[in-house]
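Chemist: Chain residues, written in single-letter form:
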Amino acid sequence: MSPALQTPDRPASAALRSFEAQWRTRPADSLSPVREEAMQRFLKLGLPTMRDETWRYTNLRSLAAQSFVDAPRMTRGEIEPSASLSLLGGTERAATVLVINGHPALPTADTMINGIEINTIGEIARLDPKSLLRFIEPLSDADQQRWSLLNTALFVDGLYLKITTQVATPLVILHVATGNGVNNVAYPRVIIEASPGSSATIIEHHVAQGEHTPLSNSNTNIALGRDSQLEHYRVFATGGGATHIDSLNIHQEQGSRCKQFTIALGGGVVRATLEGHMNQPHASLDSYSLLVGHENRHVDCVNIVTHAAPDTRSRQTARAIASDSSRVIFNSKVVVNAGAARSDSQQSSRGLLLSPTAEIDTRPQLEIHADEVKCAHGATTGRLDPDMLFYMLSRGLDRDTAQSLLVYAFLADVLTGMSVPTARASIENALIAQLPDSQILRKFR
Amino acid sequence: MLKISNLCARVAGKDILKGVNLTVNAGEVHAIMGPNGSGKSTLAQVLAGREDYEVTDGSVTFEGRDLLALPAEERARAGLFLGFQYPVEIPGVNNVYLLKAALNAKRKAAGEPEVDAYDFLTLIRQKMKFMQMSESFLTRGVNEGFSGGEKKRNEVLQMLVLEPKLAILDETDSGLDIDALKVVSAGVNSLRDPKRAVVLVTHYQRLLDYIVPDQVHVLSGGRIRKSGDKSLAQELERRGYDWVLEAQVA
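Chains as they are written, first to last, in the working numbering: chain A, 23 to 467; chain B, 306 to 555.
No lab work stands behind these hints: they were computed from the structure.
Think of the CB as a built atom: it goes at the ideal place given N, C-alpha and C, for glycine as much as any other residue.
Accuracy of the hints is not assured; some may be wrong.
No farther apart than 20 Å at their CA atoms in a straight line, the calculated lysine to any residue pairs in the SDA-like style are these [stated by the list, open to error]:
1. 405(B) / 410(A)
2. 405(B) / 431(A)
3. 456(B) / 410(A)
Short, incomplete list of chain B residues facing chain A, as computed with Cβ under 10 Å [what the hints assert, rightly or not]:
4. 402
5. 403
6. 408
Assemble the whole structure, with the sequences as input and the hints as a guide.
Modeler: And the structure:
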């Protein structure tokens, strides 16, 4: 299909032209009308730049100068099973669903694992496209949703998970990014629907395999039904050169509770956006972000949490660590809509700088349109506390050990929030491997 | 064991110690008393190796070694222990982990193997019982949420486990009620030994009723103004510090 696309206001970048070229090769499907709308808007608005509010700290100019082609479609057999790909290890009782460059590798189109119905989005689009639209619409022109528009236009397939009961065992979605050359791009898409009263833990683990890692523009939509509970993890553990842009949108109905963990352990550039909407009373969202920068890594995390109904509650806890010449950004915003009385929100972000050339930027924001609300925020960034360090040295600990323990202690608030012990242990392991003096830290676990 | 000669030190650009002379022999307990701001805590921190306290003159030897040339961690491994006036809280670092790491660092420096996990737990339980500390100390972060008295007990517990040759206790008695004071004093007394020495930094004579010192020194204006036996402490209690300082001027 090749509808007449509007001419963009500014000269189209190479990236934009390549996305448009991809669009022209996409076959029509039942979602074509909404995809076309998304593509038109994306082309009109263009790639976000540092002039856009939520992109002030991340420069995409070099990305914009590249041309991208679809990452190859690969089968399960072409992915070598390796220990590094497994977050929960071989012995854990967690089911894993494999997604390669956005394409689900399911044994059959329709699978049920431990009480979670698993379908491909392609299959649902064929059978019941209307049921998908409520996760995709309305489209947003907000700059933090720019890459979501592109994902909506161009995703080829994805996973649709429906949680129908109370599920005890965590489900791991293993996203493998693997390219066959430079300038591949993948559009992983996941939709998670939690039925009323259901509960589950879902871990999205992003890894890369092989020499070339595609640009990943991933998107996850979560809808929590009345009184449902979800613990959701997104763990970014791709290689040093990779660029990953992830958008997570959460919509919550009455009394639902969501615990969300964003863990950035890898990648050259990681941009993780979370938009949370508490649409009905007594919904609650706990967001935890653990952002680790080392070498030249750039990690940009943006949270926008909207209290759209009375008696809603949100907590945002972010811990950022930057060593070497890395840069870590955490911007969070709480919006309390008119009428969302008795909203209760807290934002706590703390940064730890481990090198003079590292940088951390945190900016908590509040936008309140209702009376009678309780909103607190605090942000601090500093170096290791010299009093703590001296105390430990004065007990005979060597400097490396003392520093490592303090770094690790700094992360404790996020780690202790994890209710899946196996996930916590695995994330701790992966995390420790990224910290200075990891050998020392291992001894203390 | 410890010989301090003409020690001068500066903190944040201000001269605090202005020529301290003090010799502590093995087997002795010394008390350093003095008014607020006299430099008592600075002396303790300088001896323990605090880096942002600048030594401008003088020397300190510990068992014949140049103490000032050693970083803090090596002083600790050589057998020096500082009981902090304000023990810092370190949330997220387990109290017992720290203690075990400290003990192993000391053992490693002495060429001994790491302590066996079971033996260590047995040892620490026994010392905790002696210090009348609850089991919850095993699982908590270092000093995290401890009351003032609990922190001081924890300092003495660490001292008992590490068995230093020289313990410098900086106002370990402050903020303690009488029962806690007895427990802490018993802890310190249990370590008295012909091969060890203790330096007590204190404001009040009260502690010295329980830990009887061999020598008492008055530190004021960055210098030791007067030294004597335990009766000096009683005299200070009765007459305050002014007469010592006036006597100096005269």
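Chemist: Are residue 405(B) and residue 410(A) close enough, with their CA atoms no more than 20 Å apart?
Modeler: Holds, at roughly 17 Å.
Chemist: Should the interface hint for residue 402(B) be scored as holding, given a Cβ-Cβ cut-off of 10 Å against chain A?
Modeler: 6 Å, holds
Chemist: Would the pair residue 456(B) and residue 410(A) pass a check requiring their Cα atoms to be no farther apart than 20 Å?
Modeler: Answer holds: residue 456(B) to residue 410(A) is near 14 Å, not above 20 Å.
Chemist: Is the hint on residue 408(B) kept, meaning its closest Cβ partner in chain A is under 10 Å away?
Modeler: Constraint on residue 408(B) satisfied, holds at 8 Å.
Chemist: Taking 20 Å as the top limit, are the C-alpha atoms of residue 405(B) and residue 431(A) close enough?
Modeler: 17 Å, holds
Chemist: Should the hint that residue 403(B) touches chain A count as held when the rule is a Cβ pair under 10 Å?
Modeler: 7 Å, holds
In this structure, every one of the numbered hints holds.
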